[in-house]
Every structure is written in structure tokens, then in C-alpha cells.
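All chains, full assembly: derive it from the sequences and hints.
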Amino acid sequence: MRRSLRSFVTAGTAVASLVFGLTACGGSGGDGGGDILSQVRRGGVDPCAPTPGVDRGKISLGMLYSGSPYAGDPSALFRAGVDARLGEANAKGGINGRQLSYSVEDDEAAPELNAVGGRILAQRDRALGILQFSVAAVGSAKSLESTGVPVVDGQITDPSLSPRSNVFSYSRPTVEEPTSSGWGEFLANRGARRAVTVSLELSSATRAMARAAEKSVRAAGLKVSDNLQVPDGSFDADQFVDQVRDSGADSIIAFVPAPNFYQIVAAVQDADLDLKAILGNPTSYDRSQLARVGDSAAGAYAFLDYTPFEFNTPAHRRFLAAMAAYAPQAAALPDGTALIGWISADLLLRAIAAAGVCPTRAGVLAGLRHQTRFDADGLLPAPINLSKGVADIAPCYDYVQVTPDGKKFVPVPGKPRCGRILPAS
Numbered sequence: 111m112r113r114s115l116r117s118f119v120t121a122g123t124a125v126a127s128l129v130f131g132l133t134a135c136g137g138s139g140g141d142g143g144g145d146i147l148s149q150v151r152r153g154g155v156d157p158c159a160p161t162p163g164v165d166r167g168k169i170s171l172g173m174l175y176s177g178s179p180y181a182g183d184p185s186a187l188f189r190a191g192v193d194a195r196l197g198e199a200n201a202k203g204g205i206n207g208r209q210l211s212y213s214v215e216d217d218e219a220a221p222e223l224n225a226v227g228g229r230i231l232a233q234r235d236r237a238l239g240i241l242q243f244s245v246a247a248v249g250s251a252k253s254l255e256s257t258g259v260p261v262v263d264g265q266i267t268d269p270s271l272s273p274r275s276n277v278f279s280y281s282r283p284t285v286e287e288p289t290s291s292g293w294g295e296f297l298a299n300r301g302a303r304r305a306v307t308v309s310l311e312l313s314s315a316t317r318a319m320a321r322a323a324e325k326s327v328r329a330a331g332l333k334v335s336d337n338l339q340v341p342d343g344s345f346d347a348d349q350f351v352d353q354v355r356d357s358g359a360d361s362i363i364a365f366v367p368a369p370n371f372y373q374i375v376a377a378v379q380d381a382d383l384d385l386k387a388i389l390g391n392p393t394s395y396d397r398s399q400l401a402r403v404g405d406s407a408a409g410a411y412a413f414l415d416y417t418p419f420e421f422n423t424p425a426h427r428r429f430l431a432a433m434a435a436y437a438p439q440a441a442a443l444p445d446g447t448a449l450i451g452w453i454s455a456d457l458l459l460r461a462i463a464a465a466g467v468c469p470t471r472a473g474v475l476a477g478l479r480h481q482t483r484f485d486a487d488g489l490l491p492a493p494i495n496l497s498k499g500v501a502d503i504a505p506c507y508d509y510v511q512v513t514p515d516g517k518k519f520v521p522v523p524g525k526p527r528c529g530r531i532l533p534a535s
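Take the position in the sequence shown, starting the count at 1, then add 110; the result is the number in the working numbering.
The set of hints was computed from the structure by calculation and includes no laboratory data.
Note that the coordinates shown come from a computational prediction; the quantities given were computed from them, not determined experimentally.
Among these hints, one or two may not hold up.
What the hints assert, rightly or not - Taking lysine to any residue and the SDA-like style, the derived pairs with C-alpha atoms no more than 25 Å apart in a straight line are:
(1) K518 to F419
(2) K518 to F421
(3) K525 to R300
What follows is the structure, given as C-alpha cells:
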């Protein structure tokens, strides 16, 4: 397992102006709370009881991710979004005068290494909370829950994680039961009647997503013509086209990485199958990948659990400014994965602030459950309620489509689509 040096994200020394939850230190606000905060700010004796990840001037977090040796490593982009959010917070004085930093562990997509990395961050590095972006998160799940370490996950790919009492995310897992009718309704509204689902070979996570899509498609009154799988990498496009043609499908919903998705799109476009819609998951909203494939991607759709960049909201502009200042290595073409890192870090920082002047792991968990209308200042399609954990998040999505010239995405008109929650099977 590769072990990186401790990464510190620091900038500026201005003092934070807001104080949350002074009762977390045992005080009741007023002069007593002010005295405690003054001691912290002035560098005096630490008024808080010793607790993992918190000292007089610093809050230590952890990051656990699955690194990739390939260009466009999603974990690196996720980390860049985290750097931007923490860098912005530190420039404004941190949280209650404490600067934020994090240690990193790369699990290399292996559950056993994820277990080791989680133990290192929780026990040796004593992280107050962990930001995670891993396909192997099941490895550390049990131990992190048993020790009460707050985990904010950018991509929950295993349905066994969402019931964990310490795991939170802005995004409802696409593998979660019960699923929503939304994807099927989107295809139906484009005239589709028979859909093919596509997942990756040897990938239980993408197969689970495809099964959820089957239920969504059927709930919308469509038929599932076939369930196809493609390898992770290049594949026989002609054979895939023949399978789609033989199935009689008029639409596709795919849960594969962006390069695979656009290979699928190009293959069926070149074969002139005249499909009603080709729908990809959030990883398909990849502007760098789009630049590589051009107009062969024309007309393809992707669903997103965050607001597309094309809306150019004040929250987007704030994110882009912070990326330029604190994560310039990824600022040239920031994509959705970096935005996921930003949103995930924002959620954790809000919970830490809500935990008071003397935050603890238990206090941060309570702060996460206190997020009953979290929308990351408008970066989510609809506010979410985390009071009962990840499983109760209503799955609402925005949709984008590739323009005819293949040069950009445009939002599909209309409000975010949430669909109906279907009965659990």
C-alpha cells in the first residue's frame, strides 16, 4: 500500500466569526462560552478535553480513497475538490480558530488495504472524521462504525454501507433499496419502450446499479430487453451493437465509466440503431472525455445528483474561485468529481461547526444528523435530510445532454426529477 506524507491544507489566519453549539464544551453560551473561545483564539491553555483530531489550533481529518494510475484519476479530482473547500475555510480562519488538515491513505481499491488505511487514520492519526472516495470501503466499514468515526463518503458503491450509523453522504447510493422510478420515467418521456441495461464485467457495484435501473424501467411501464455487460477497457463494438439490435431495445441505460460509455454511444450511433435515448450515470458527465470523442457522442444523456456547471450559479462560481486558489492543478477543467469532493468536504465542515467549540467524533456525528435541509448552497438538485442517514435521501436528479456538435453538455429543461420511491423487493 502506498503511504503518502501527511497533507496539510492551510491558508490565512483570520479568525472565524461564527460560533456554534457552545454547549458541546459543557458551557451554556454567554460569558462562559466567550471565555472558552477567547482562550482558543489567544493561544492559551486548551479548554477542551483531549479528543481525537482536535487540539488548540488544529483539526485533523483523514482521507481514504482508491487511487488510479491512469490519467484523469477520479480520486485525485475528488481530493482537489476537498483541498479547495478546506483551503477556503482556512483562509477565513478555519473553524473556531482551528486550521484544518488531513492525512491520506490509498487503499488501491482493495478491501483489505481499505481496512488497514481506516485503522491508521482512526487510531494512529486520530482523525476527527474521514472523507472517503473508495470502491473498497466495505473493508473498514465495521471497525470505523464500532469506534464511532464519522465518515462522509463521496460515492457509496456498496449497499451494505448506507445503513452504517457513522456513514453519511450527500448522495443516495444508486444501488440503494428501494429505488426510484425516475430513470425509467425519463426514458419513457423520450419515447422509449424497451431498454437495455449495461454494466461492467466483474463489477458487483455496477451490476447492482443495473438491477436498480431494471426496476426503475419496469416501474415506468417499459420493458427490459436485455442486461448486457462490457469489459473495463476497449471491447468489441460490433458485437455489442449486434446484441443491442437483437434485443429489440430502443434505449440504453449504462452504469460504466465515461470512456466505456462513449465507446458505447459511438458504436450505436455509427450503426444507426435510431435509439430514443442513451442514458449514462454521473461519471458520463465528463467534459474532458467529451473533448476526446467529439460529435460521435451527440445526443447522449447523463443524470446527475448535483447541479450541472452549465447553470453557473453563485455556488459554482465560488467553487471555481476556490479551485483556482487552492487546487490549481485541477482548476483548468474542474469536473463533477472535484465538485463531489467540494460538496463532501462542505458537509463535513458544517457538521464540525455544528459540534461546537470543542468538537468530538460523537458531536460531529450529531452535527451530520442535524443537516436536515442540506443543499451545499444550491449545488444539489434538491435539499436533503440526513437526520435518518443516507438511506432516507430522496433521489432527485438533474439531466444533461451532449449537443449535436459534441462539444458541450446542455441541461435538459425542467425541474429536477425525483420519481416515485418503489417498494423494496
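Which numbered hints are broken by the structure, listed smallest first? Violated: none.
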